[in-house]
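Enquirer: Sequence:
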Amino acid sequence: MNGTMQAAVLEAPATMRVHEVAVPQPGPGEVRIRLEGCGVCASNVEPYEGQPWSTFPGEPGGMGHESWGVVDAVGPGVDGLAVGDRVAALSGKSYAQYDVARAEMVVKLPDALAGRPFPGEPLGCAFNIFRRADVQAGQTVAIVGIGFLGAVLCRLATDAGARVIAISRRESSLELARQYGAAETIPMHDHYAIISRVQELTGGKGCERVVEAVGKQWPLDLAGELVAEGGRLVIAGYHQDGPRQVSMQMWNWKGIDVANAHERDPEVQMRGLREAVEAVASGRLDPEPLYTHRYTLDRLGEALEATRDKPDGFVKALITY
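According to the working numbering, the sequence shown is numbered sequentially starting from 106.
Take these hints with a grain of salt, some might be off.
Stated by the list, open to error - Lysine-lysine pairs mimicking PhoX-like chemistry, simulated, CA-CA at most 25 angstroms apart: (1) K310 <-> K359; (2) K321 <-> K359; (3) K321 <-> K415.
Stated by the list, open to error - Quick list of simulated restraints, FRET-style, between CB atoms: (4) E334 <-> A127: 51 to 59 angstroms; (5) R413 <-> E305: 30 to 38 angstroms; (6) M353 <-> R413: 29 to 37 angstroms; (7) P133 <-> E164: 19 to 27 angstroms.
The hints are simulated quantities; they were obtained by calculation from the structure and are not laboratory data. Since the structure is predicted, the reported quantities are computational estimates derived from the model, not experimental observations. In this text, a Cβ means the ideal position worked out from N, Cα and C, and glycines have one as well.
With these hints in hand, go ahead and build the complete structure from the sequences.
Expert: In structure tokens:
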């Protein structure tokens, strides 16, 4: 198939427009996917607003990396995938009607997921974060920041037998955490009041595991305070807006492990994606309530701004085609 498709292009800071561009062609080892949708990632917000190193215009479809759809063309040398397979993919230009992906970065979706949206990348990311957290039954796990990742991690940690303390700004986020298994919730308003409440809930020990899922300085500071001696701090927030300071004296004193839970090894990324497919298909995890807002491609700018501003009840936006 040749011809053209619609793709979003970031023309300038906070200026996103849909262009008519050539449909991409799959090369050796690649498949082309007619996309059904793409999730909107919070990591898109700062590039959307413009960073000092940004250049414009961006690539057609650029920043979109949470896609799912149906294979409609297969390049040479591809085994195990065929035209018509419904898949989730790890690719990078999915704010468009079509994208291409390496065959080894594509997972077939089972019949149990027919007709259901499946932004595979963030779901796989949650499973990889959880693995790095090494949560054990009987532990207390604090999760700082309850958005999409935080909510999924509440469910995974609770199902593993841990007691989850969820900490977030909005009451709607705390209610979401309760729905996904959190045993305790704390409004994220007063630094020292939060520390005091966690100490009260843990008999003064702190939490064996703390996941920071915001990506800002204060939540990172707070998360470090909540970790028990010998515990593990898991940094799941995407810290992309500049350097951070940490209380190395406190981290040293407590003897904590610090895990930066962002995976760059493709095999590890795909392991998380496969685990997510199995969990959702089997019913162990239901992410559907987290897909709170849907937009068409021409409203991608609005979706990114909602991802930034988080109107009440917002968790995750999907772009659907």
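Enquirer: List in ascending order the numbers of the hints, as given earlier, that are violated by the structure.
Expert: none
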